[in-house]
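So the protein sequences, as listed, match chains A and B.
Sequential numbering from 12 applies to the first sequence in our numbering.
Sequential numbering from 64 applies to the second sequence in our numbering.
The set of hints was computed from the structure by calculation and includes no laboratory data.
Cβ atoms here follow ideal geometry from the backbone N, Cα and C, with glycine treated the same way.
There could be a bad hint or two in this list.
Ranges between beta-carbon positions, derived for each pair [as the list claims (entries may be wrong)]: (1) Lys215/B to His45/A: 16 to 26 Å; (2) Ile211/B to Ser36/A: 52 to 62 Å; (3) Ser187/B to Ala72/A: 18 to 28 Å.
Computed, partial: chain A to chain B, Cβ under 7 Å [claimed, not checked]: (4) Asp20; (5) His23; (6) Gln58; (7) Leu61; (8) Leu70; (9) Leu74; (10) Pro75; (11) Ala81; (12) Ala82.
If you want the building blocks of each chain, they are given just below.
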Amino acid sequence: MKPQPIVEDELHSLADGRLAAPRRSELEAWLTEHPQEAEQVQAWRGQNALLHLAYDRVLEAPLPTRLLDAARRPGRYSTRRFAAAVAWLTLGGIMGFFMRGEYPRPASPPPQALLPQQAALAHAVYSPEVRHPVEVGAEQEAHLAAWLSKRLGAALKPPHLEEAGYALLGGRLLPGEGGAVAQFMYQDARGSRLTLYVRNDTVATNTPTTRETAFRFAREGKISVFYWLDGRFGYALSGETEKPELLRIANIVYRQLNP
Amino acid sequence: MIGRDAIVAEIPRLRRYAQALTGDAARADDLVQDALERAMVKWLLWRSGSDLRAWLFAIMHNLFVNQVRAPQLVEFRADDDLPEQFARATQSDGLALRDLERAMAELSVEQREVILLIGLEEMSYAETARVLGVPQGTVMSRLSRARIRLSKLLEGQVGGASLKVVK
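I would like the entire structure built from these sequences, with the hints used as guidance.
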């Protein structure tokens, strides 16, 4: 069968996650041979992720009374005529409200709440980069490990994720709350990227080095993050990968860091 | 009151969109309030079974566009005076997000709307076309231009604040 020509609208659909499965795989395969378009699609995904990071917090802010009042003010119509339709609408609205997956549940943030958020932000900013995704490439791995260890003030080595199909691209140094933070970036054969964000918590908080937590999961926009604390480091693994797959990789990372 | 729970349930998303659209939390809430009041008055015009969210967003879009056409009423304030409830969590967040807000402010209203309805509100292209009252083809061409321009703005290739290298 003659392959369908690819039009720009489809690239947008792909970036917005609105392309059906067979065509999606076709386009993803096509993109591996068209780096310029691939870069564009990545950049658009990055824009969407950044918008969520910037504005999703509005969803959680308490509603001002004046808005609630505006929605509750009776209109100039009789209630009887519309009661039935509206009962259904209300039910649908309430169900829709609670069933919407992305709606943030109000919950008190865990103490290390900023870790996944900062990691996701760093992921959103750097993972779409095509030319400069990292500062020091994987070909200089020894230098990368020595440099980041020195700047974070603790021995640090990038895990290897080949068994999960991800190759190390390299790493970079980022500013964090308590000083320097390291980000390692990985890429699979299809070009999707993961980042591992590593923070040394002892510098700023002087916390004991014995603390340890289970994996925790957070979603920031389209970015999934597994994060955990282990000794002096806080780790966060971010990607637009499915949750079970990301958990599997997080386990690999954890095992390598704790042989 | 009639349908209020359904409408109240949409307020957080209306606020998020309005905040991103205007860049100003107080003005955003004014816009949402206007839209809600208008919705209560126009309730009879809403066809039950059709998409309530798209209907509310369309009302807000029309109000916003009318405000923008009367330019003395709207000035875009990108930063510095966002109230506490939207305050950024950390400083490093603040820099990247401030860049984004600045870039959004540089986009035309039409570009900002499509990029927000699709990228942030995750509406389909057809829903976006309904909200904006334009054909879907127009949505796609606006989206394309908006994304290219936003990329350039975020990379610092256009806009007034970029530095020149002086030899």
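Against the structure, the hints:
1. The given range of 16 to 26 Å is respected by lysine 215/B and histidine 45/A, whose C-beta atoms sit roughly 20 Å from each other.
2. Range check, isoleucine 211/B to serine 36/A: Cβ separation about 26 Å, and the 52 to 62 Å hint is violated.
3. Separation of serine 187/B from alanine 72/A is about 26 Å and conforms to the stated range, judged on CB atoms against 18 to 28 Å.
4. Taken as an interface hint, aspartate 20/A checks out: its beta carbon lies about 5 Å from the nearest beta carbon of chain B, inside 7 Å.
5. For histidine 23/A, the suggested interface contact is upheld, since its CB lies about 6 Å from the closest CB of chain B, less than 7 Å.
6. Interface restraint check for glutamine 58/A: the shortest CB-CB distance to chain B comes to about 6 Å, inside 7 Å, so the restraint holds.
7. Nearest Cβ of chain B to the Cβ of leucine 61/A: about 5 Å, under the 7 Å cut. The hint holds.
8. Interface hint status for leucine 70/A: upheld, as the beta-carbon distance to the closest one in chain B is roughly 4 Å, under 7 Å.
9. Nearest Cβ of chain B to the Cβ of leucine 74/A: about 6 Å, under the 7 Å cut. The hint holds.
10. For proline 75/A, the interface hint holds, the least distance from its beta-carbon to any beta-carbon of chain B being 6 Å, beneath 7 Å.
11. A hinted interface residue such as alanine 81/A counts as satisfied when its beta carbon comes closer than 7 Å to some beta carbon of chain B; here the least separation is about 4 Å, so the hint holds.
12. Hint status for alanine 82/A relative to chain B: holds, with the closest Cβ pair at about 5 Å, below 7 Å.
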